[in-house]
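Next come the chains, spelled out residue by residue.
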Amino acid sequence: MSASAGAGGWEPVIGLEVHCELRTATKLFCGCRNAFGDEPNTNICPVCLGLPGSLPVLNVRAVEYAMRIGLALHCEIRPSLFHRKNYFYPDMPKDYQVSQYDAPINVSGWLELPDGSRVSIERAHMEEDTGKTTHVGGGGRIRDAEHALVDYNRAGVPLVEIVSAPDIRSSAQARLYASELRGILIATGASDGRMEEGSMRVDANVSVRPAGTYEFGTRCEIKNLNSLRSLGRAIEYEIGRQVALLESGQAVAQQTRHFDEDAGETVALRSKEEAFDYRYFPEPDLVPVAPDAGWQAEVAASLGPMPADRRQKLAGLFGTGPTTPARDDQIATVVELGLDALMLAAVESGVDVGLALARTANEAAADPDRARQLEPTNYVALLRMEAEGKISATHTKTLLADMFDGGGDPAELARRRGFEALDDSSLAAVVADVVAANPDEWARYRDGDDKLTGFFTGQVMKVTSGRANGKAVAQELRRLRG
Amino acid sequence: MTGAPPPGGSALDLARSVRDGSTSAAEVVERHLSAIDAVDGELHAFVTVLHDGARAEAAAVDRAVAAGEDPGPLAGVPVAVKDNLCTRGVPTTCSSRILEGWCPPYDATVVERLRAAGAVVIGKTNLDEFAMGSSTENSAFGPTRNPHDPSRVPGGSSGGSAAAVAAGLAPLALGSDTGGSIRQPAALCGVVGMKPTYGAVSRYGLVAFASSLDQVGPLTTTVADSALLFDVIGGQDRRDSTCLERPSPRCTAALSEGVQGLRVGVLTELVEGADDAVAAAVRQAADALVAGGAGLEECSIPELRHGLSAYYLLAPAEASSNLARYDGVRYGLRVEADTVEEMNARTRAAGFGPEVKRRIMLGTYALSAGYYDAYYGQAQKVRTLILNAFDRAYQRFDVLLGATSPTTAFALGARVDDPWAMYMSDVCTVPSNLAGHPAMSLPFGTDGAGLPVGVQVLAPALGEPVMFRAAAVLEDAAPARTLPRVRAT
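Chains S and Y supply the protein sequences, listed in that same order.
Note that the working numbering has the first sequence beginning at 1, numbered continuously upward.
Note that the working numbering has the second sequence beginning at 1001, numbered continuously upward.
Keep in mind that the hints were calculated from the coordinates and are not lab data.
All C-beta atoms, glycine included, are put in the ideal place defined by N, C-alpha and C.
Worth double-checking, as some hints may not be accurate.
What the hints assert, rightly or not - Residues on chain S that point at chain Y, a partial pick, calculated with CB under 8 Å:
id: 1; residue: L49
id: 2; residue: G53
id: 3; residue: R84
id: 4; residue: D369
id: 5; residue: R370
Claimed, not checked - A short, non-exhaustive set of chain S residues, derived as facing chain Y with CB atoms under 8 Å:
id: 6; residue: P56
id: 7; residue: P93
id: 8; residue: L286
id: 9; residue: A290
Please model the complete structure; the sequences and the hints are all you need to start from.
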């Protein structure tokens, strides 16, 4: 689907593993706060520190969130088990991670991308996050650091890992998948999808094969990509690297690789031979999780519409005619930023759908966090004022900024700014003044040159600092012409 | 009960006299602290003795009695706690160098429940490092000795708890039993040791050895004390997901019900390899149950012959994971090095003893890619076979009877260089751990050298009440107990 597919006769094969932190109030196995950015080592207890004698107790809300994600991805929910994944790492308090292995809670789903392509989901399982290590001193890098500090606030935070099938064929499609998945995660309420805070992290498995063949090439896994841009760049680089190796007659070695943002290249972390033997076995401290049909139905009923449904709903407002890429982009933006409720409210109260989309996808989208806080009735009132010609487009933007800053009734804000449209008699007086001051133009207009409507409207706007309604000006001009 | 009274008196008697004011908790605790000070230099049952803490807790009990409050069913009774159970602010060592300097910030659930019942924690007892062993010789702090013959081992891994109770240094003790670590030392020291149904007692605060097998249980001088202590520590705990709701009736109430009409099976596989004196004791115990009105039959469960092999794969596999956290990063011993990996390796090399290292290596191997199916996977299948075979047996029998240990107490050093001989000490006890079933050992006579012999009563899951009924009858019928050579006076 993108330029890289088939380039030079090679077809990329890509599968993504997406880790997302669940936004539960507490951690997966203890009552500690699940919060980003708190003072290091303040949200910890014997359980998430893995102190001797402590035991995990499963957070039921995390299971519910995992089910929401599974259902949104059309997965089958299965009776599941936790396993221990054993390896030594200083920011992992027990030196094993409690995860799900061969009995994950969600299996066999799919995700449809906005371009209509489908990516199969192999599984979406629950696991606990690790702590965070900061290297201090030297250059701040692992190699030359003087010491390392570990913050265990994140240890035990619930994660769901969503594993796609190797169905993705280009970096662009990978980005689209990650972006659509992010929208779905947010829509389920299970995660905030903030890649910049690490609450959504992506690993990419990349291989290439001669176009038209079916056997997979040797794959490399690129770890911990934390933005859509890095994801795209890392995959592009990796495809190029593998193609270059193969074209020069060399083999691709199975490796785990790291993406160096600054250099824009992937570098080897460890080879297949150095890969950890995780020695998975069933976690004896936890009991199996088997959500019954009733619970599954309850969770399914609590799910709101997914981004694809919401885009379709907005597109439907424009009728059945052909769409344009620009309109689709605007709709995607409105849905992605969670502003569709605002737009729908405006359209339902009679605001023109084109105006509602333009203002929501541009002006409201400029500050989506504050836009989502707006009282919909105020937003609707603002757009109606513009639609009815009471204020100009410029005024709408200014008033929206005012509403972001402190909110309130847009009519009142307009009055305070002196933005209310002139009443009819004041307008008539201004128009008369402008006509009198421009006799030549008036003569041409009177003789039928309608293009001069724009000139007179501009003059009136200038005199009134934009408070006049353009339509009303034109009407008054026509009336004077008789 | 026939035989000599327990050196320090039974817990039931002590609690009764504290509650009715005829003695004070302070006096009881002082007497036991003096006994510890007098003889524990020789026995080394304790790793830590809590002189100040025990006195303070006793004073609180006495204040409650004076105020007319009920301090609980264990009022003023000293309890020795195995040092793999967490005690807030008190070192919990697991008899390992690797936990040097570590004080848990919390009490194990069973310790909380002891205190809530008015008991006084008098000290922390010695064990085989991380409960891995059958003789208490694998302690980083030196072995515990058997009060009946200090040249012999007390059994293990709860050897400190068993020796403390046998010598009258504490009327009650808590141990943990992963493959027999309560019952085998109880047998070798001539006391009552009971492993509850898996899940009957919370494991929260028990430092894990093999999580799917570990259970906390009582070591006592009498069967009635065992039931009392089990009733106090058992029951659901929201901090342990594998912990079960407390079944009714309470075991204390079942003690006097007798064995009339009970179907008893003598378990061939738990007698066949035992020394003559031990096998004779099991037959004599069976006769006593028949005399009490029980029906008796031989019962063979051939699957049990694979129990020891399965156990020595599963327990080390879980241990290899449970003990990974002792890496020098957060608590306990740290041996500094240039890299984290090197620091981990040096810390673990210095901190763990040879038996712990052996089991970590065994378990790591059993779980490794390419070996998992042949070892861990196969052992899990054996475990299922054993459980199913027990289930079939319990359709015909209410309780099963066998030896606890194939031998009586052996000499210190006799098996330290022969791990297989040491592992064989557990052959009669591991099946109940694999099945998750309750089982208890109680003293029943002595061998030719005058050393205590234990017989074992096994019951199905949550069958503690019927198990205690049989144990109470056996206790009454048992030959007179001999007093230990080292004891409180």
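Tested hints:
1. Nearest Cβ of chain Y to the Cβ of S/L49: about 7 Å, under the 8 Å cut. The hint holds.
2. With its C-beta approaching chain Y no nearer than about 4 Å, S/G53 sits inside the 8 Å limit, and its interface hint holds.
3. Taking 8 Å as the C-beta cut-off, the interface hint given for S/R84 holds, the closest approach to chain Y being about 5 Å.
4. Because the beta carbon of S/D369 sits about 38 Å from the nearest beta carbon in chain Y, more than 8 Å, this interface hint is broken.
5. Annotation: interface hint on S/R370 violated; nearest CB of chain Y at approximately 42 Å, more than 8 Å.
6. A cut of 8 Å between beta carbons decides the hint on S/P56: the least distance to chain Y is about 7 Å, and the hint holds.
7. Look at S/P93: its Cβ gets to within about 7 Å of chain Y, closer than 8 Å, so that hint holds up.
8. Because the closest C-beta pair between S/L286 and chain Y is about 5 Å apart, less than 8 Å, the hint holds.
9. For S/A290, the interface hint is violated, since its Cβ never comes within 8 Å of a Cβ in chain Y; the closest pair sits about 14 Å apart.
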